[in-house]
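Participant: Next come the chains, spelled out residue by residue.
Protein chains: 4
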Amino acid sequence: NSDGKGDSKVKKGPLKPLKILEEDDEDLSALKDPSEKPASSLEPISKRLKIIEEDSGSTSIQAADSTAINGSVTPTDKRIGFLGLGLMGSGIVSNLLKMGHVVTVWNRTAEKCDLFIQEGARLGRTPAEVVSMCDITFSCVDPKAARDLVLGPSGVLQGIRPGKCYVEMSTVDPETITELSQLVTSRGGRFLEAPVAGSQQLSNDGMLVILAAGDRTVYEDCSSCFQAMGKTSFFLVLGEAGNAARMMLILNMVQGSFMATVAEGLTLAQATGQSQQTFLDILCQGQMASTFVDQKCQNILQGNFKPDYYLKHIQKDLRLAISMGDMANHPTPMAAAANEVYKRAKALDQSDNDISAVYRAYIH
Amino acid sequence: NSDGKGDSKVKKGPLKPLKILEEDDEDLSALKDPSEKPASSLEPISKRLKIIEEDSGSTSIQAADSTAINGSVTPTDKRIGFLGLGLMGSGIVSNLLKMGHVVTVWNRTAEKCDLFIQEGARLGRTPAEVVSMCDITFSCVDPKAARDLVLGPSGVLQGIRPGKCYVEMSTVDPETITELSQLVTSRGGRFLEAPVAGSQQLSNDGMLVILAAGDRTVYEDCSSCFQAMGKTSFFLVLGEAGNAARMMLILNMVQGSFMATVAEGLTLAQATGQSQQTFLDILCQGQMASTFVDQKCQNILQGNFKPDYYLKHIQKDLRLAISMGDMANHPTPMAAAANEVYKRAKALDQSDNDISAVYRAYIH
Amino acid sequence: NSDGKGDSKVKKGPLKPLKILEEDDEDLSALKDPSEKPASSLEPISKRLKIIEEDSGSTSIQAADSTAINGSVTPTDKRIGFLGLGLMGSGIVSNLLKMGHVVTVWNRTAEKCDLFIQEGARLGRTPAEVVSMCDITFSCVDPKAARDLVLGPSGVLQGIRPGKCYVEMSTVDPETITELSQLVTSRGGRFLEAPVAGSQQLSNDGMLVILAAGDRTVYEDCSSCFQAMGKTSFFLVLGEAGNAARMMLILNMVQGSFMATVAEGLTLAQATGQSQQTFLDILCQGQMASTFVDQKCQNILQGNFKPDYYLKHIQKDLRLAISMGDMANHPTPMAAAANEVYKRAKALDQSDNDISAVYRAYIH
Amino acid sequence: NSDGKGDSKVKKGPLKPLKILEEDDEDLSALKDPSEKPASSLEPISKRLKIIEEDSGSTSIQAADSTAINGSVTPTDKRIGFLGLGLMGSGIVSNLLKMGHVVTVWNRTAEKCDLFIQEGARLGRTPAEVVSMCDITFSCVDPKAARDLVLGPSGVLQGIRPGKCYVEMSTVDPETITELSQLVTSRGGRFLEAPVAGSQQLSNDGMLVILAAGDRTVYEDCSSCFQAMGKTSFFLVLGEAGNAARMMLILNMVQGSFMATVAEGLTLAQATGQSQQTFLDILCQGQMASTFVDQKCQNILQGNFKPDYYLKHIQKDLRLAISMGDMANHPTPMAAAANEVYKRAKALDQSDNDISAVYRAYIH
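Residue numbers (full-length UniProt numbering), protein chains in the order written: chain A, 1 to 364; chain B, 1 to 364; chain C, 1 to 364; chain D, 1 to 364.
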């Protein structure tokens, strides 16, 4: 069984409390056999904690249970800090609180904290204070702000003491992750990066996909937190902090390019006299059907560009992914083309709209 | 209800035998509410014949029942001809025969007919003979051959008589459809274009998505045939023959660009030291999860590039879609970038492999 | 010397009347040694008729004298016809008349002929009539009209008789050239393609660069005409009619892509707070300095987009060149990117402006 | 006259020793009238020192005399330091020495200094020592090394004292220039950026084009140096240090995109059965003719990819220019396409070849 298989490759000691023994072969095979894997993210899928060993043995990943599906989770008794209450952070903190975690919050504009304090959160006056008061501090802020949040005055570094955990959830470049990891660990702290794939809606629903790398013991300590906020989580066993950022950038690169492609299809349909709704109906009957296509297109056809993920951020992700290809001498012509379309969208003042507003770059 | 609504926009007479009165509001709303629409093409969805009136009123579409799901269909008593037994045609003819249709087949290399004759098909010696012998003749051939099949010696035109139906299922450019439509109707024939979205596998499974435009009475006469071969079919009520070709090219443009984007992601993952399998696992947990992504990526990781849809054909479709944008003065930078990647794949001898072989353009 | 060298590779008979013996080694070497070759098209260069044998032996070319530089030429006594008095045709006909040719003109809108009749031209009522009346008929029309001009009612084909020469100067696709060549020669006519590189200004100045392929005897019969209209001419000894079209499309592809690149540079300079004039001044001091860069940029900075070469035509040329690459499985990512920028310019109503109006695609 | 005109806009005091009074209207107009401006960089053009006031008044520029043309210059009596003896630096130092300057050199690999010491240069053991010993220190190193050269151990900053001049000639990003400028001036030093357009050949010939911004008095003190190394120089009167870097990046972006376009043309010619030499001959007869096209194409056809400007550096410049567009929300689709082609060339091991080796990305 998968358990035996795992023995030879992964240290199992720390995993025991995570009950990996509950996992059965069936679940594992379900994830390995594409014909049985549910295609939609809305459907119930097995979320029991497990270790998946790849055949190649190159990396290992874990998927956590989701409270959004199971209904409850036993919260960790560690004190949780959370920095940043934006599109993503708000939903995450709500779910942490709902599942009984003790959470101290901080936000650049303090008013946003009020709502969460009413729900039971405590207020931290500075990032340094939050880190000092808590065992594990998460950060989920604007990518531009992530580094300053750590290095700045009253920043995270001021509060780091040996044993403190810092979990960077913002989607930043791998180099920044490496730098932050070194800074935190050089003071005795423990570092995990845990960027998330998803949107405001999925954050609210506790259905994010979490991708973690770095200190595995931190990942395990965060178990109930990730279950509260996510549908599933992956831990990249091989590789250092920075690899989750790389993976996330590539995923967002694909998403950004696909979004631009779909917008190109919708607008070409219109430009050639076709019905956009019919185009969408057919698309959603075919093999490319996905929650993503369906929701984004519906929003476009309704003229609803309320941000679920900021257009400016997907453009930034494209830029960083292209730059990764640059360093690896790997051409990324699709991402390069998409990046230019998003730049046009930004020039049309769509930066703070949803990524689907790239549609407007095609009609103006 | 939808029936009353339809009255004012669509001629209802010919639809009666198709039992549109059986349709209920629930089914209609299911297709209109994205949150309830099943995202996966693998799941059972309502396939009862219906008319969907768009709110915009710009086009109307029909979805046919599928025998692949319902198990059976009452075959038409009209004599069916079928020209072309390639990747798509073979599966279609098998399904027509299984559902009890009387089918006369022709193929450029006649040996391919043998298998189907054993299954009960009759042999036509030339396209003209097939058309002469049958009431409705379908054609599903290499796009390059479609025009010659009609105009050439012993071609379709030689067999067209008043009342004969010709259904062009090959994915060709809209201009060719317009020309063929005019040629067929000028001789008293009835013309329908009915390109399909799908692959060899879906063809074998009777799960194609059919997109039709042209003579609506032909569409209705083909009802049992489309149910035998397809999961669903759409008829573009407004617009002439050529519009289905346009729509299909745009869909294939999106598919081709997306395939290139996914290949770009997979290869960038590898180039930056990530696990391709992990990349795929995460992708298939997220909102972009789809049958298409899952199957294509699995095939790529297994090095399986057996053609489900020829790479050279998706490249041709990209070219034609770009050309449509050209005529409409509509930029298509994503398709333009994708087209160049596929051209590189063709230069690497991947023309007759599956579209997923575009992956190789990124690693050579 | 080059003469002796030529003996082994090129039929010399027909060249005698063209006095190739006058050519000397010095001239030849001047063209072969890049360090001595004048880089600017404004400078006097040797235009004496000569044959240049390439070392590779793959093709041979001829360069004709220019009357614009030598001041005069002995006009052929053959009767010349000219179809099309647009941006290019007007200047060409003026120069033919100035050098003493007997010219019969035709234009779709007949009023344009008046000016030239005042200068001594005769009026032809239809293309067929012009061809009937003349020994050599040139055509220089909108690419879209070139085929109809030959095949249409009262078209060129109606007037072709054995021995008549038809010279296609319009920049069309190679396939059209091949078709026209076959049609003309099948009636006993003699066919030459002779597309030109240049602009309205260069046409007026008799400074076009002519690129010919097809029937070499027609090329020789056109000697005084090409000298009247051009700075130089090339005949592609190896290869059939269609090769000049291919070469011209590639040249225009490079020009179109370069124009877009320069516009991109000018606008990026402005977007980042630089002076566009300074950018241009520096550019014109460097190795990339050329008449093209200088004139186009000056026009852009003055807001002068009067057509020297229609933007819609360079976009068409890009499309055709990309299509050539398509057939040869040769990626052309620069042309593909440029094509999209020109499509945007067309969507901004710049079709009938100069190619430099692609600048506007970058600022809107 | 221009002198009077200049009075109202530019401080003239410090310019007197540069003899701006010698300038006459003719020269000025020659640069302003495109029809008279020599298009080729090989021809003698007026190099007398002058100030050119743009009509817009937005920026002002100066062009310096060139000793390469005038034969001699009066060298400054200031002690000159030079850091970096690579492709560019070697030629520059040779020319400084030839014109009688007192030069102290330093290079990372010290052996390269020997040749110059034989020609009369002095040896500096560290960058700090060179700066300490000299009045004006130039740096022209690999872009990656430029920042470390200043900040590193025994770096430039260690030697900066009030009044010392530091001239950064490496082509780096504007942000680095801004940082270096601030560091140098914060210690009382005077800073000028002076990136050059050109190649190893032009550097050897003393025919570089220099683009300067920053401290104008440094520019003036460098007058004899710039005359020794350059054909002309420009000083961006308005704007701070960093603007010359911006301008240079845009120029290199245009050059890199153009080079890729020309390679695309050459290879498409071959792929479609044309002669590359004929293609080049025609190109060099047309309006796009330039030293750049001529030399690069000749080298390509001879298979000579010896670096005149490193391919890896033009790719870096493209990346930085795209990034500038990113910050300004200005799409640069041509540069984005070119960047991907250069990345492919880098993946084919062409990094240390000349930029013309981008040709190989099209044939592999």
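Please keep in mind that the hints were generated in silico from the structure rather than gathered at the bench.
Please read all numbers here as calculations on a predicted model, not as lab measurements.
Every residue gets a Cβ at the ideal spot worked out from N, C-alpha and C, and that includes glycine.
It is possible that part of the hints are untrue.
Some chain C residues well away from chain D (every beta-carbon gap over 10 Å; in silico) [said to hold, decoys possible]:
id	residue
1	187
2	265
3	304
Restraint-style ranges between C-beta atoms, simulated for each label pair [unchecked claim]:
id	chain 1	residue 1	chain 2	residue 2	range
4	A	108	D	240	48 to 56 Å
5	D	302	B	301	58 to 66 Å
6	C	151	B	327	50 to 58 Å
7	C	108	B	154	35 to 43 Å
8	D	112	B	363	21 to 29 Å
Participant: Against each hint, give a clear statement of whether it holds in the structure.
Facilitator: Here is how each hint holds up against the structure:
1. Distance to chain D confirms residue 187 of chain C as a non-interface residue, since its nearest Cβ pair spans about 28 Å, more than 10 Å.
2. Annotated as non-interface, residue 265 of chain C brings its C-beta within 10 Å of a C-beta of chain D; the closest such distance is 4 Å.
3. Once the 10 Å rule is applied to beta carbons, residue 304 of chain C is consistent with being away from chain D; the minimum gap is 12 Å.
4. Checking the proposed 48 to 56 Å range against residue 108 of chain A and residue 240 of chain D shows it is violated: the Cβ atoms sit about 31 Å from each other.
5. The hint said 58 to 66 Å for the Cβ distance between residue 302 of chain D and residue 301 of chain B, and at roughly 44 Å that hint is violated.
6. Under the hint 50 to 58 Å, the C-beta atoms of residue 151 of chain C and residue 327 of chain B, about 22 Å apart, miss the expected range.
7. Range check, residue 108 of chain C to residue 154 of chain B: about 41 Å between beta-carbon atoms, so the 35 to 43 Å window is met.
8. For the pair residue 112 of chain D and residue 363 of chain B, the beta carbons lie near 39 Å from each other, so the given range of 21 to 29 Å is not met.
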